[in-house]
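**Student:** Residue numbers (this note's numbering): 26 to 300.
Below, a list of computed lysine to aspartate or glutamate pairs in the EDC-like style, where the Cα atoms sit at most 16 Å apart:
#1 Lys276 x Glu251
#2 Lys58 x Glu207
#3 Lys45 x Glu30
#4 Lys82 x Glu30
#5 Lys276 x Asp214
#6 Lys276 x Glu207
#7 Lys239 x Asp205
#8 Lys44 x Glu207
#9 Lys44 x Glu74
#10 Lys175 x Asp135
#11 Lys237 x Asp149
#12 Lys244 x Asp225
#13 Lys58 x Asp205
#14 Lys239 x Asp149
#15 Lys239 x Glu207
#16 Lys244 x Glu233
#17 Lys45 x Glu74
#18 Lys242 x Asp225
#19 Lys239 x Glu145
#20 Lys82 x Glu42
#21 Lys49 x Glu207
#22 Lys52 x Asp205
#23 Lys52 x Asp62
#24 Lys276 x Glu231
#25 Lys177 x Asp195
#26 Lys242 x Asp218
#27 Lys45 x Asp205
#28 Lys237 x Glu145
#29 Lys67 x Glu30
#30 Lys45 x Glu207
#31 Lys44 x Glu30
#32 Lys276 x Asp218
#33 Lys68 x Glu30
#34 Lys239 x Glu146
#35 Lys239 x Asp214
Honestly, the hints are just simulated from the structure, not real lab data.
Computed from a prediction, not measured in an experiment: that's the story for all the values here.
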Amino acid sequence: MNYYETLNVSKNATPEEIKKSYRKLVKEHHPDKTGGDDTQFKKISEAYETLSDPVRKEQYDNPSRGHNPFNNFNGYQDTSNPFANAFRGFGGDFADMFNQSFGGEARGSDVRVMLNITLEESYDGSRKYIDVGTGGFNINIPRGILNGTKLKIPGRGASHPVNSSAPPGDIILIVNVLPDPELIVNGSDIYVDLNLSWIDILLGGEFEIRTKLKTIKIKVPQGSHESQLLRVVGQGMPIYNSEGFGNLMVKLRTLHITLTENEIELLKKIKNQNE
26 MNYYETLNVS
36 KNATPEEIKK
46 SYRKLVKEHH
56 PDKTGGDDTQ
66 FKKISEAYET
76 LSDPVRKEQY
86 DNPSRGHNPF
96 NNFNGYQDTS
106 NPFANAFRGF
116 GGDFADMFNQ
126 SFGGEARGSD
136 VRVMLNITLE
146 ESYDGSRKYI
156 DVGTGGFNIN
166 IPRGILNGTK
176 LKIPGRGASH
186 PVNSSAPPGD
196 IILIVNVLPD
206 PELIVNGSDI
216 YVDLNLSWID
226 ILLGGEFEIR
236 TKLKTIKIKV
246 PQGSHESQLL
256 RVVGQGMPIY
266 NSEGFGNLMV
276 KLRTLHITLT
286 ENEIELLKKI
296 KNQNE
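Produce the entire structure from the sequences given, and follow the hints as far as they go.
**Tutor:** In structure tokens form, the structure reads like this:
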């Protein structure tokens with residue numbers, strides 16, 4: 026899959042162009058939308074996750090730089106014995122024998138599993154069923170978990186290929202929080218737009234914001250302006266491994282309205298009085 030073609034951008038596209046195209050495509054193909062395409066949505070999400078990250082984008086654009094073919098075998102890298110990794114390319118049994126000969130722990134290999142969750146599941150926490158091929162089980166996903174977080178599940182990985190009495194490896198669960206077409210999340214902060222008339226923005230007041238996560242009321246200060254960013258403390262995503270919450274970042278947007286002749290005359294009088 027070509028990530029640039031998936032997002033309909035050129036290889037020289039700026040981060041802003043990539044984000045703009047992504048947001049357009051994810052709205053078109055979101056599974057919750059009529060006519061949405063779950064498969065295409067996942068491809069778009071995968072492409073954006075790579076191209077929006079400078080380090081991963083560089084690795085994608087230049088796959089040969091810094092690549093060591095022995096660094097990864099079946100998705101598992103043994104960091105406890107760097108020499109054993111070089112021999113994993115010649116087969117798991119050989120690598121295990123090498124590990125044992127040099128005092129390494131005899132155990133099965135770790136298994137890496139990618140788990141997709143929604144933004145709502147990250148917000149509330151969830152319980153998910155994990156199927157690793159040889160069996161499945163349920164696991165609690167903590168609230169506020171961030172995209173790319175790795176969770177270790179001890180003893181649920183692969184069995185040792187030779188020594189049946191050796192303990193199995195672990196499952197390394199990589200959590201992928203699916204992008205949402207309606208909300209932008211950065212860390213624990215949520216970004217939303219609030220559409221108001223220019224009169225409401227100018228005069229200020231209390232207004233309601235409804236998202237799929239919650240409904241809250243915020244105060245817009247008098248004398249605010251278009252594109253002003255308001256911070257509502259503690260109304261964002263739960264902070265992972267914490268009791269706290271991030272912030273809700275609200276950008277003011279002006280709705281187009283049609284004025285009556287009386288309203289136009291009134292505004293002209295106000296303007297003349299201030300000149």
